[in-house]
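Q: If you read the protein sequences in the order shown, they are chains Z and H.
For any residue, its number in the numbering used here is found by taking its place in the first sequence, counting from 1, and adding 12.
For any residue, its number in the numbering used here is found by taking its place in the second sequence, counting from 1, and adding 71.
The reader is advised that the hints may include incorrect statements.
Stated by the list, open to error - Not the full set, but computed from the structure, chain H residues with beta-carbon under 10 Å of chain Z:
{"no.": "1", "residue": "Ser132"}
{"no.": "2", "residue": "Gln158"}
{"no.": "3", "residue": "Val169"}
{"no.": "4", "residue": "Ala237"}
{"no.": "5", "residue": "Ala239"}
{"no.": "6", "residue": "Phe269"}
{"no.": "7", "residue": "Gly282"}
{"no.": "8", "residue": "Val304"}
{"no.": "9", "residue": "Gly320"}
{"no.": "10", "residue": "Leu338"}
{"no.": "11", "residue": "Asn375"}
{"no.": "12", "residue": "Ala382"}
{"no.": "13", "residue": "Arg500"}
{"no.": "14", "residue": "Ala501"}
Unchecked claim - From the derived model, a few chain H residues whose C-beta atoms are all more than 12 Å from chain Z:
{"no.": "15", "residue": "Trp263"}
{"no.": "16", "residue": "Ser298"}
{"no.": "17", "residue": "Leu307"}
{"no.": "18", "residue": "Gly312"}
{"no.": "19", "residue": "Pro329"}
{"no.": "20", "residue": "Gly349"}
{"no.": "21", "residue": "Gly350"}
{"no.": "22", "residue": "His354"}
{"no.": "23", "residue": "Val368"}
{"no.": "24", "residue": "Gln370"}
{"no.": "25", "residue": "Leu381"}
{"no.": "26", "residue": "Tyr392"}
{"no.": "27", "residue": "Tyr412"}
{"no.": "28", "residue": "Tyr427"}
{"no.": "29", "residue": "Val479"}
To be verified - Only part of the chain Z face toward chain H is listed, based on derived beta-carbon distances under 10 Å:
{"no.": "30", "residue": "Ala41"}
{"no.": "31", "residue": "Ala261"}
{"no.": "32", "residue": "Gly272"}
Calculated from the structure, these hints are not laboratory results.
Built from N, CA and C at the ideal position, the CB exists for glycine as well.
Each chain is listed here by its residues.
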Amino acid sequence: MGPRSRIAILLVGLALTASSATAQQVGTATAVNPTSETTPPGATTVALTVGARIVHKQRIHTTPTGTVQLLFLDKSTLSIAPNTSLLIDEYVYDPNSGSGHMLTSLTEGALRFVGGALSHQGEASIATPAAAIGIRGGTVTIIHGNNGTRVINHFGVITIHNAGGTIVISRPGFAVTILNWNTPPGEPERVAEAEISHYLRLLTSSTGQNGGVPGLKNVAIGECGVLGLHSYNCPGTPWIPIDTGESDAFQLIIQATQQGTGTSQRPRPPVR
Amino acid sequence: MKSGGVILKVHARRAFGSRFAGAVAPLVLLALSGISAFAQTASDFAGTLNPLFQGILARPSDLNNTLQYAANASADDIESAIGTYEQLLFYNPTLSRVRFELGVLYYRLGSYDMARGYFKSALEMRDISPELQQRAKDLIAVIDKKLQPDQFTGFVQTGVRYQSNAGAGPGPQTVLASGRIFNNRFFSQGDWNWFGAFGVNYIHDFENQRGDTFEASLLGYDAQQFSLHQFDVGLLEFRAGPRFGIFTGTANAMSIKPYIVATGALLADTPYYGGMGGGLTVHANVGSVALDPYVEVVQQSFRNSTFYPLASGFSGTLSTYALPASGPVFSGLTWQSRLAYAHASDNYGPYSYDTYAADIWLPWNFSFPNDSRVWTLTPTAGVSRWVYSAADPMIDPTIVPRTTEWRVGLGLDIPIWKQLILGMLVQYRADESNVAAFTMRDLQVSAGPTIKF
Chain Z
13 MGPRSRIAIL LVGLALTASS ATAQQVGTAT AVNPTSETTP PGATTVALTV GARIVHKQRI
73 HTTPTGTVQL LFLDKSTLSI APNTSLLIDE YVYDPNSGSG HMLTSLTEGA LRFVGGALSH
133 QGEASIATPA AAIGIRGGTV TIIHGNNGTR VINHFGVITI HNAGGTIVIS RPGFAVTILN
193 WNTPPGEPER VAEAEISHYL RLLTSSTGQN GGVPGLKNVA IGECGVLGLH SYNCPGTPWI
253 PIDTGESDAF QLIIQATQQG TGTSQRPRPP VR
Chain H
72 MKSGGVILKV HARRAFGSRF AGAVAPLVLL ALSGISAFAQ TASDFAGTLN PLFQGILARP
132 SDLNNTLQYA ANASADDIES AIGTYEQLLF YNPTLSRVRF ELGVLYYRLG SYDMARGYFK
192 SALEMRDISP ELQQRAKDLI AVIDKKLQPD QFTGFVQTGV RYQSNAGAGP GPQTVLASGR
252 IFNNRFFSQG DWNWFGAFGV NYIHDFENQR GDTFEASLLG YDAQQFSLHQ FDVGLLEFRA
312 GPRFGIFTGT ANAMSIKPYI VATGALLADT PYYGGMGGGL TVHANVGSVA LDPYVEVVQQ
372 SFRNSTFYPL ASGFSGTLST YALPASGPVF SGLTWQSRLA YAHASDNYGP YSYDTYAADI
432 WLPWNFSFPN DSRVWTLTPT AGVSRWVYSA ADPMIDPTIV PRTTEWRVGL GLDIPIWKQL
492 ILGMLVQYRA DESNVAAFTM RDLQVSAGPT IKF
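Please work from the sequences and hints to get the whole structure.
A: Written as structure tokens, this is what we have:
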């Protein structure tokens, strides 16, 4: 690590201690539906609010109506479902080099992790009582409850490890269930559409909630196929067959016409 | 932020937006300073964190800032854009457009289950417009197909075509001037034809974590001339092989596919050509560019016929080395290209050749206001250089033929109804050669419907 990096980390560390002399801010609560609570290290439990600083070793707990989204310095996000408890165990990030690591412990409930700089380097992990889950990429939904841990890969390479063994999910739309720490993780299986829909509903606001930020009534985005705009990244833009066989057929004709027809040279007159 | 709602039109000039954001970074940082303790903190990241991103960290309820960041991130940081649009969804879970955009972003990641989930949830929202509804339904249909273990896609096409030189023959003046004899049945002549084509692609997904598949395709083409039946042509081509995933799930994901190819063709309603061979192709993405290089070797067999008594001389081995590639240019415009080298080693030595070819297609997708249907305009251009191995005594014993072909075209695909498209194509070819019989011009105009499935 160069002197510039060390200085940057020092600056970050100093600057993020504006309201807490000891805890380093690692992110922000960007959306909070009540009731969601937080317990900063060494402090009492308080209600979590939008814009609240998230620090190392902070606990988050949501009630049956509470949901939260956390945004971290490396641009990763955690969407947290109702009835969930987790701890931001470790978070180290150097914005200059983009290096560091994060570890979150999920003790119950569900979350969706959408990766940032740390997970792109394989330095993001989520631990549950049944497994340690390493994320490279990556976007993943993780649920832990009485039936163990369920890991659904949405993107990236997810490595699941416990005392029973290790298994890797490298395709989106596949999931693994781990019963407990001593049981080997099951084989990846394709996720049912209903399960995806269930967690999409669970990991955001319910109707009538606003994540703590009222006033967003409508948004006009230049989506694909709307407002006359087509981004190059529009999925499913009409596929037009470029190779219809016509080109190959015409090539056959050219060759046949020019050389295969018996075209011949008139005998040259004898040279006198 | 407007208390009554935020309307922010985020146009597709996202790359420009990123540059603009970078240019105004100092101003944003200045504005942020003094707002809060965290804002002061954020400015300390100058040059390391996107100022719009700093704005979200400092003031997540600043909706304009959040929307701007999401739009910029959509261009090159899909996951960050997902996190930000999911943040907006927390603020209002009933917004169909945010759900649709999330579907698009997950689709781009290849996370089709999540994309379908968001598209379907968008359809349940009361604010969805008819255009967005149709677009979501179309994309759900595409995803439903992609998530099947056995997938069939294809097209059927028909139409009529006029060619100013249906047989790609030389002009009589050109040949006469050269002092050579040429079968006058094959001089340049205009003609109409009816053509039909179909393609069926099959993919079986083995559902393993490498993403291994088995792929097969069948392509058929037939053209019946109105007058010049010596150019009636039919072609059938079958390809099949397994595709193996490498580094699946990572940014370096690739796949490799060995395959077999079998081709048969009729010319003048008579068996004319049969080919059998194999190849190896690799698919890889380098940034936003998709590469599909391949090597293919085909044993070719030509059969003599009344019209083409010398065709069997073409029999031999054709080896092709090609690099097809594609990528985005800017909003709505993509490019596809193909560079190729081929060597034909034919039974009759003078028919052997080396050829070098380069082609480019520039499909531009666009639509008209209040209509989600997508039109596609595709300019094309290409050039091939043919270098024969020896002079052909049957044509001219003193000249080793060398031919350069130029081709340009313009295609327009008009959406008619659902998967029905009306396609129109104008294409011009010009072959310049040091051998008169190989020099030709052809202008073709074709039109007809295509159905995709």
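Q: Does the closest beta carbon of chain Z sit nearer than 10 Å to the beta carbon of Gln158/H?
A: 5 Å, holds
Q: Against chain Z, run the beta carbon of Ala382/H and see if the smallest gap drops under 10 Å.
A: At 4 Å from the nearest chain Z Cβ, Ala382/H passes the 10 Å test, so the hint holds.
Q: For the hint on Phe269/H, just tell me whether its beta-carbon gets within less than 10 Å of chain Z.
A: Cβ of Phe269/H sits 9 Å from chain Z, so the hint holds.
Q: Could you check that no beta carbon of chain Z comes within 12 Å of the beta carbon of His354/H?
A: At roughly 16 Å from the nearest Cβ of chain Z, His354/H sits farther out than 12 Å, so the non-interface label holds.
Q: Grab the minimum beta-carbon distance between Pro329/H and chain Z and tell me whether it stays above 12 Å.
A: Nearest chain Z Cβ is 20 Å from Pro329/H, so the label holds.
Q: Do the numbers back the hint for Ala239/H, that is, is its least Cβ distance to chain Z under 10 Å?
A: This interface hint holds because 4 Å falls under the 10 Å limit.
Q: For the hint on Val304/H, does the least C-beta distance to chain Z fall short of 10 Å?
A: 5 Å, holds
Q: Quick check on the hint: Ala501/H CB to chain Z CB, less than 10 Å?
A: 12 Å, violated
Q: Hey, does Tyr412/H actually stay past 12 Å from chain Z on C-beta?
A: Holds: least Cβ distance 15 Å, greater than 12 Å.
Q: Classify the hint on Asn375/H as holds or violated, based on whether any CB of chain Z lies nearer than 10 Å to its CB.
A: 8 Å, holds
Q: Does the nearest C-beta of chain H fall within a distance shorter than 10 Å of the C-beta of Gly272/Z?
A: Hint on Gly272/Z: holds, closest Cβ of chain H at ~4 Å, below 10 Å.
Q: Quick check for students: does the CB of Tyr427/H sit more than 12 Å from each CB in chain Z?
A: 15 Å, holds
Of the hints listed earlier, those the structure fails to meet are numbers 14, 17 and 25, in rising order.
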